[in-house]
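If you read the protein sequences in the order shown, they are chains A and B.
Here the first sequence is numbered in this note's numbering, starting from 1416 and rising by one per residue.
Here the second sequence is numbered in this note's numbering, starting from 15 and rising by one per residue.
Among the hints, erroneous ones may be present.
With a straight-line cut-off of 20 Å between C-alpha atoms, the simulated EDC-like cross-links for lysine to aspartate or glutamate are [stated by the list, open to error]:
#1 1731/A x 1741/A
#2 1462/A x 207/B
#3 290/B x 207/B
#4 1462/A x 313/B
#5 334/B x 56/B
#6 1731/A x 56/B
To give an idea of the interface, some chain A residues facing chain B are shown, with a C-beta separation under 8 Å as derived from the structure [stated by the list, open to error]:
#7 1459
#8 1462
#9 1486
#10 1518
#11 1551
#12 1555
#13 1723
#14 1730
#15 1732
#16 1745
#17 1749
By construction, these hints were calculated from the structure, which means they are not laboratory data.
Backbone N, C-alpha and C fix where the C-beta goes; we use that ideal spot for every residue, glycine too.
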Amino acid sequence: MAAPALERPTAPAGTQTVTIAKGLNLGLRAAMERDPKVLVMGEDVGKLGGVFRVTDGLQKDFGEHRVLDTPLAESGIIGTAIGLAIRGYRPVCEIQFDGFIFPGFDQIVSQLAKLHFRSQGRLKMPVVVRVPFGGGIGAVEHHSESPESLFAHIGGLKVVSCSNAVDAYWMLQQAIECDDPVLFFEPKRRYYEKAELDPAAEPAPLFSSRVLRQGSSLTLATYGPMVRTCLEAANAAEEDGHDLEVVDLRTLSPLDLGPVYESVRRTGRLVVVSEAPPEASITSEIATRVQQECFYSLEAPVLRTTGFDTPYPPSKLEEGFLPDLDRVLDAVDRSLAF
Amino acid sequence: MSPERWTREGHSGEATDTGPPAATAAKPTREQVIAGLRATSEGGADLVQLLTPEGERVSHPDFDIDVTDAQLRDLYRDMVLVRRTDREGNALQRQGQLGIWVPLLGQEAAQIGAGRALKPQDMAFPSYREHGVAWCRGLDPTEVLGIFRGTDHGSWDPMATGFHLYTIVIGNQCLNAAGYAMGQRFDGRVGDDDGEATMVFFGDGATSQGDVHEAMVWAAVYDAPLVFFCQNNQWAISEPTERQSRVPLYQRASGYGFPGIRVDGNDVLASLAVSKWALDECRHGNGPVLVEAFTYRMDAHTTSDDATRYRLADELEAWKLKDPIERLRVHLVREQIAGQDFFDSVEAESDELAARFRDYCFNLTDPPPQRMFSQVYAEQTPQLAEQEREYLRYLDSFADESLAGGVH
Ligand SMILES: Cc1ncc(C[n+]2csc(CCOP(=O)(O)OP(=O)(O)O)c2C)c(N)n1
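For reference, chain A alone in the conformation it holds in the complex:
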């Protein structure tokens, strides 16, 4: 998708340092100012500004009919967003935590994903569903899950995940401009990490992956909260003389594996990193395609560092569940040892 041609009435002037949460907030604000049909809806998004304050101040500035504190029902949030979209609105739904998307799963899978197809393109579904996802924040059950593969599996949905404040700002606006439904996964444990945002700079296209760090020994492909972990692992590996390339996938459906193939053809090795359970997941998909496309370039099997095929454990065990720098490096070592 081409970068949107944007007038940016409130785009903050000049470069500023923002967190991911703030980047999302500014992105929403810019989209709402640009298009009066953009709505924000969800539980506690109004007065409270969302439990992570991503929608902070929006209701005050745009009013109760642009920023809807909805009744407590996810199926209701998604289902009514679909109706609003049919009516010409562009709803941005907030799901409070990953584990609470499931009451809305039926509407997402049965209607949101399929209406464009069912209506032979007569109905557009420009709905964004924002999901703070992933673990590492010491939360109780249902607050740390990574269900993105479930959505990537569904035809008709687009699935993306940002990993830094600049992408947060741009990708959210681009997702809102997209006429297809976009599941927008936000790395909640990175919400307060900062980056330099220059609203005048040209954004990368939404459905594209990006090489964040160049290297020649091995490729790490990852997304969302694990991007930072992989960058740290690459820095650590450098001390051991290994030069790792890190690709931020950014889009999970459609996958943009071109940069990954290209990278693997140079490095000969790939480790895919994700917090999600491995079975039948986005990481399995990547491993399959890379071995099909890059078979003769591979020096080692594609390896994965992921969560486990278990329910997310109590938080005192999450350190073991989540890939960390050491587990990533362990996979790197195993790959290099082939």
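Fit chain B with the ligand to the known structure of chain A by using the hints.
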């Protein structure tokens, strides 16, 4: 308003004397809607109350109850001890000992009244704030700590205690409770005083969830012995009850074909009386019943919440005057049912309990890494067994390393 009106045959769909619009075909008038909304925020004329905020005993034509002095003292003790552990939970979170705490401050009477109405053969399905009901089911208060410290997802045996695990996904437990209650009926365990019943706990926000609606449909059409116990504490995090409904919540029951009763949730006697009645109806096969305990969340939603962003201080002050513990204390003193000795001894007991609660928390050990892989399935899969072996081997490699580091 008499309970007899709600027998299956006699139930007209008109659940209150003020004539709710629910079952009439005509659209509610503007006045009716406004009256409904006011009742949403002020309790309304249908509120069952047996103890006024000033601690005076009043009677009610349908829901009166005989309680001995000893029982009154016990109810007081229950509420004080439960509040004390709740406050301790809050403090432990502030000290970094717990990841989060979900306070029940203000909801003690609703929970103790409901909890003490349950019989051993009954089953309770809690949400996540039901520390008072847990207490009534015989759980030690320390048993919920692991959830909030992150060492487990619930340490108690649901079947042995008659208390299901806490449920965090809003409304899910209502359908599970409906199914359990259907089972009680299918097993022929309803019909007399010794019959079984189930009680499910959820909040005012939860009433918007499809699961809760579906649970009401199921319970109704299968005549399940299920008491829906809604604690309307006025807020779902930042959203007021008006954001969930335009009629008082208890009135919704008539649309499903069973009685709905609103009880003063800050009045432990009324909560006990109405819960007993509702459970007995279910025991005898006349369920389901919806009870709306009209109460107030006096603390933030959880320790992660900032209630000052959405709630007015005045509102909190007004509700403090209805404090459930204070009103029973005043009653006990005024009627000379309890003297200073009693209050002192409850205070001393709560100090001891708080200390034990704290100690237990400090000493909770983290589960071993194997826990992650155990009990995922009744029959372990080869795949998971392999993931466990791999992971333990990986952990072992560190043990070797640190040993090696020590040697060299
Ligand atoms: C399905 C689902 N959506 C969202 C949440 C996040 N959440 C936790 S508690 C809560 C408010 C619940 O309000 P209410 O049902 O009134 O119960 P209360 O906490 O006030 O007792 C919300 C939105 C959740 N736990 N589950």
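Exercise. Should the hint that residue 1730/A touches chain B count as held when the rule is a Cβ pair under 8 Å?
Worked result: Holds, about 3 Å.
Problem set entry | chain B contact restraint for residue 1462/A - C-beta distance below 8 Å | The hint holds - residue 1462/A has a Cβ within 8 Å of chain B, the shortest such distance being about 4 Å.
Problem set entry | Proposed interface contact between residue 1723/A and chain B, which counts if any beta carbon pair is under 8 Å | holds (5 Å)
Problem set entry | Residue hint residue 1745/A, partner chain B, criterion CB-CB below 8 Å | holds (6 Å)
Exercise. Are residue 290/B and residue 207/B close enough, with their CA atoms no more than 20 Å apart?
Worked result: holds (11 Å)
Problem set entry | Interface hint compliance - residue 1486/A to chain B, C-beta minimum distance less than 8 Å | At about 4 Å, which falls below the 8 Å cut-off, the nearest Cβ of chain B leaves the hint on residue 1486/A intact, so it holds.
Exercise. Does the nearest C-beta of chain B fall within a distance shorter than 8 Å of the C-beta of residue 1555/A?
Worked result: Cβ of residue 1555/A sits 6 Å from chain B, so the hint holds.
Problem set entry | When the least beta-carbon distance from residue 1749/A to chain B is tested against 8 Å, hint result | Status violated, d = 10 Å.
Exercise. Does the alpha-carbon distance linking residue 1462/A and residue 313/B stay inside the 20 Å limit?
Worked result: holds (18 Å)
For this session: Would you mind confirming whether the straight-line C-alpha gap from residue 1462/A to residue 207/B stays at or under 20 Å?
Result: violated (49 Å)
Problem set entry | Supplied contact hint for residue 1551/A, tested at 8 Å Cβ to chain B | violated (12 Å)
For this session: Take the C-alpha atoms of residue 1731/A and residue 56/B, compute the straight-line distance between them, and say whether it is at most 20 Å.
Result: Given that 20 Å is the threshold and the Cα spacing comes to 43 Å, the pair is violated.
This entry does not satisfy hints 2, 6, 11 and 17, going by the numbered hints stated previously.
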